[in-house]
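Chemist: The lines below spell out each chain.
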Amino acid sequence: MKLPSFFGSRRKRLKSRIVSRILSHFALIVATLFALFPIYFIFWTSILKIQLAAISLSSLIPNLALITLYNYNYVLSDPTFFTIYLKNSLIFGLSAAGVGLVLALFTGYALSRFTFPGRKPFIYFIIALMQFPGTMLVIPYFFMFKELNLINTYLGLIIPYSAGSIVFTGILVKNYIDSIPEDLEEAALVDGETKTGAFTKVIIPLIKPILGLGVLLAFIGPYTDFILARAFITGNSLQTLALRLYSVSSISSSGGAAIDYGVFSAFSFLMGIPILIIYLIFQKYIISGLTLGGVKG
Amino acid sequence: MAHIEEKPFLFRLKREWPAYLYLLPMLVVLLLLTIYPISLTFYYSLTFNGPLPAPGIPPNTYVGLRNYNIIGTSDLPLTETLIMNSFFWATASIVIFIAVGLGLAAILNQPLRGKTVYRTLLLFPWAMPAFITILTWSNMLNFNFGIINAILGLFSIPPVQWTTGGFWAVWGGLLLMNTWLSFPYYMVVFLAAMQSIPKDLYESAEIDGASILYRFTHITVPYIGSTVGFVALMGWLFTFNNFYPIYLVTAGGPGNLTSIFVVRVFQEAFERSHYSLAATYTVIDFIIMLFVAIPAIKYTRLSEGWFK
Amino acid sequence: MATVRLEHITKKFGETTAVDDISLTVNDGEFVVLLGPSGCGKTTTLRIVSGLEVQSEGHVYIGDRVVDNVEPKDRNVAMVFQSYALYPHLKIYDNIAFGLKARHVPRAEIIKKVNETAKMLQIHQLLDRKPAALSGGQRQRVALARALVRDPEVFLLDEPLSNLDAKLRAATRIEIKNLHLRLRKTMVYVTHDQVEAMTLADKIAVINQGKLLQFASPMEVFMKPAHRFVGDFVGYPSMNMLGGELEETAAGTFFFTPAIRMKASGAQAGKYILGIRPEDIVVSKSSSKGSLECTVRGLERTGSDNYLFLDYSEGGIVASVTGPDYSAGEKVYVTFDPANAHFFDAVTGAAVPLSASI
Ligand SMILES: Nc1ncnc2c1ncn2[C@@H]1O[C@H](COP(=O)(O)OP(=O)(O)O)[C@@H](O)[C@H]1O
Ligand SMILES: [Mg+2]
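Residue numbers (my numbering), protein chains in the order written: chain A, 1 to 297; chain B, 298 to 605; chain C, 606 to 963.
Careful, some of the hints might be misleading.
To be verified - DSS-like, lysine-lysine: derived pairs with alpha carbons at most 27 Å apart:
#1 C/782 - C/718
#2 A/284 - C/735
#3 C/717 - C/696
#4 B/496 - A/15
#5 C/696 - A/284
These are calculated hints, taken from the structure and not from any lab test. Note that the structure is a prediction, hence the values are computed from the model and not measured.
Required output: the full structure, derived from the provided sequences and hints.
Modeler: The structure is reproduced here in structure tokens:
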């Protein structure tokens with residue numbers, strides 16, 4: 001009786017396939033709920049009327065009757081949100097991204113295309129230096145910049161912010177240029193371009209996507225930095241979004257005043273969502289870039 | 298026929314000099330903003346610069362290895378605690394990241410309806426700036442009105458003291474949060490690696506009657522092993538000195554339960570103004586990192602991509 | 606005057622010598638093919654002419670000019686890369702115009718030249734596309750157009766047909782030949798395909814392991830290979846090579862292989878290799894005087910030609926035959942006219958002027 005048993009095993013296989021599919025969806029749904037909950041939580045509490053102490057599980061379920069824009073109104077009606085916090089964060093983020101990008105571009109190109117003597121030890125050396133915890137550079141920076149009277153100045157923050165991303169984005173750019181055939185530059189050289197011409201007319205247009213990513217990554221560091229800002233910024237006029245968010249969150253967790261938590265959520269949402277959207281749009285490049293470049297936490 | 302009297306070396310230099318020009322900005326940055334400050338840190342660790350009046354020692358004087366002696370011999374065995382905590386934090390995090398990342402990647406690597414939707418949704422934690430989401434988690438883990446204890450209450454589980462309790466409660470909360478922060482990255486990287494495995498390998502193995510487990514251990518693991526190893530190493534090094542998750546949630550507490558090097562350094566320097574002690578801890582941390590990173594990079598093939 | 610002259614060119618990459626003391630002259634308007642197996646240094650030689658690579662020793666002349674220290678952009682050469690190297694971010698029009706723009710040719714002239722060249726190569730309807738939207742054959746034409754439009758003194762082509770399928774390759778080969786006949790420009794063309802070399806070249810430079818083995822017209826390369834390697838490499842199937850010895854005996858000078866014996870003269874006694882082309886071998890089903898008994902191993906049919914693979918007591922022989930009526934295991938008898946035999950030194954591989962008779 002070969003035939004029936006053959007069909008039997010086939011049915012069994014089909015059954016085990018269905019079971020494994022159901023289990024897969026179950027695991028993915030659990031993971032997705034876990035992944036989305038905190039973000040949903042930020043969003044929902046930012047428009048929720050109820051005070052934090054009174055939040056119950058039932059109030060987490062979307063309900064039009066519970067919605068208010070009070071928290072956003074509160075955050076945005078304070079002009080310092082724009083004139084100080086947002087302005088400063090953008091100044092730091094954009095200038096660091098701009099300077100860091102140019103530096104990373106040159107570095108990545110040189111590391112990828114030129115076989116200067118000592119290239120390999122040089123890369124080892126860079127890797128060794130990268131092991132020095134970046135966070136802890138704050139201490140020597142603090143004294144160096146104090147000496148130069150750069151504490152609590154724009155320049156004093158822009159310099160370390162710009163430098164902070166150069167190694168990482170440099171390696172990112174290097175890896176990407178590695179994937180561009182050298183033929184293209186050589187064709188340009190034979191066609192009558194100088195090396196610089198080949199770089200600006202062939203390489204730069206081709207690495208635009210990774211440059212976009214480099215800008216983004218170089219922007220986010222300063223945009224969300226707390227450590228350097230906390231150590232270097234002493235006055236009111238240089239305060240950033242990150243510092244403000246930290247103080248908002250400290251008020252809420254120590255005092256427990258619910259309205260502060262709503263404000264915290266609205267603030268977080270305003271500060272974080274643009275980044276989230278850009279990240280999701282660029283995810284393809286970011287992932288492939290990060291696979292070789294290193295790790296974002 | 299005119300021979301141009303120019304040495305090949307000069308010609309080469311004429312042709313290749315832009316290389317050094319291109320590298321110049323990075324060299325300047327490395328020198329002024331990395332090498333010099335690192336040397337300064339070593340120097341600070343050999344000087345006295347702290348808030349406590351030390352008998353007979355004016356500030357900024359060279360004191361040799363005094364700081365190292367202090368942290369090595371003080372009654373409070375803080376250095377060992379920092380080392381153990383940092384190792385535990387990095388290792389436990391990475392083990393969980395790899396397990397969760399590999400598991401989800403394996404699930405997503407099969408033909409499944411709605412795969413891309415899942416993938417995009419699972420990326421959200423990674424796409425939100427960590428500074429913001431850590432502060433949110435800090436609130437969610439609050440003992441009195443945190444939403445996590447509220448959810449536990451739903452299952453009649455008594456509230457957990459996430460930031461003030463014992464070993465398992467506090468580390469558990471931190472690791473849960475850290476997993477949330479990082480698993481998407483590991484998942485996508487592993488998924489990308491798995492997708493680069495030629496399909497026909499699996500097909501021929503399936504025809505040969507190899508079980509799922511056999512296929513995993515004999516095809517998947519050898520193929521993505523080096524990616525997993527590299528990512529694990531980089532992740533470990535990163536987590537060892539990952540400042541925000543611990544500083545913003547427990548600040549190293551309760552007591553020194555979750556105190557790791559970076560957090561302690563920041564506190565010594567900017568909350569207690571004890572800069573030379575902070576520098577000393579930094580140097581010890583750096584040496585540990587080099588001891589782990591350099592052999593791992595040199596004696597494995599993990600970093601090939603950097604030298605192509 | 607656009608001759609290209611290489612004078613004792615050597616190129617070392619660390620330990621490897623990619624080009625080993627090559628000297629040759631390409632006359633104005635000549636089509637020279639550098640032929641050799643993969644890795645023999647053809648591309649490196651071409652890149653030295655273009656200036657993309659700098660030789661370790663020797664001099665390169667283009668026209669009367671020593672160009673050793675001249676940048677690629679100032680050598681007035683155009684190069685077609687094996688990969689085509691089309692700029693992926695530029696439209697076909699801009700790809701072709703790239704070199705003219707780099708040389709600041711007036712806009713109106715660029716438009717005119719690009720259109721003319723595109724028409725000539727029948728790619729004018731593709732000018733608005735990006736390279737990614739083109740087929741392999743179309744890309745190849747764009748690469749040619751990019752070189753042609755500049756009207757350089759010298760054209761350098763690195764295996765331009767190797768990425769095309771067989772049919773397209775044959776068609777494009779003819780077009781390239783016609784282009785050359787029309788333009789009469791100096792061209793240096795690299796290939797590992799001896800058919801391309803035979804059909805295109807005015808002169809072939811056969812290179813192996815960085816050394817120039819023969820530089821002569823296709824016919825001469827085929828008829829009078831100057832080196833054992835040339836005989837082996839040019840022609841399909843390869844020349845049969847039989848090792849043997851020249852000995853002086855009481856009855857005269859004879860060339861012996863374990864299976865063959867023939868009269869020979871013109872060189873000192875010693876070890877030599879006899880080369881005989883498959884098409885010079887006569888296969889018969891009956892034995893005759895001096896014929897070599899062989900067993901049929903197999904028959905390869907290409908449609909027009911048939912190649913018979915034979916085994917004899919000491920090795921294998923390939924013969925070109927007309928009839929297909931051979932079956933494996935069958936015994937056949939092989940002869941050849943000694944006048945068609947080539948002789949090479951067993952040690953150096955160089956051709957030796959031995960002449961043989963029965
Ligand atoms: N940039 C280089 N660095 C080191 N070795 C090279 C380089 N370019 C070519 N070679 C070596 O030189 C030899 C000749 O290469 P090539 O000229 O590309 O050969 P062909 O074009 O005939 O196939 C090869 O052994 C190759 O490995
Ligand atoms: Mg080649």
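Chemist: Residue 717 of chain C and residue 696 of chain C: Cα distance at most 27 Å?
Modeler: 17 Å, holds
Chemist: Are the Cα atoms of residue 284 of chain A and residue 735 of chain C separated by 27 Å or less?
Modeler: Status holds; Cα separation ~22 Å.
Chemist: Between the alpha carbons of residue 496 of chain B and residue 15 of chain A, is the straight-line distance 27 Å or under?
Modeler: 24 Å, holds
Chemist: Is the hinted pair residue 782 of chain C and residue 718 of chain C satisfied, with a Cα-Cα distance of at most 27 Å?
Modeler: Cα-Cα ~21 Å, so holds.
Chemist: Please verify whether residue 696 of chain C and residue 284 of chain A have alpha carbons no more than 27 Å apart.
Modeler: 25 Å, holds
The structure meets every hint from the earlier list without exception.
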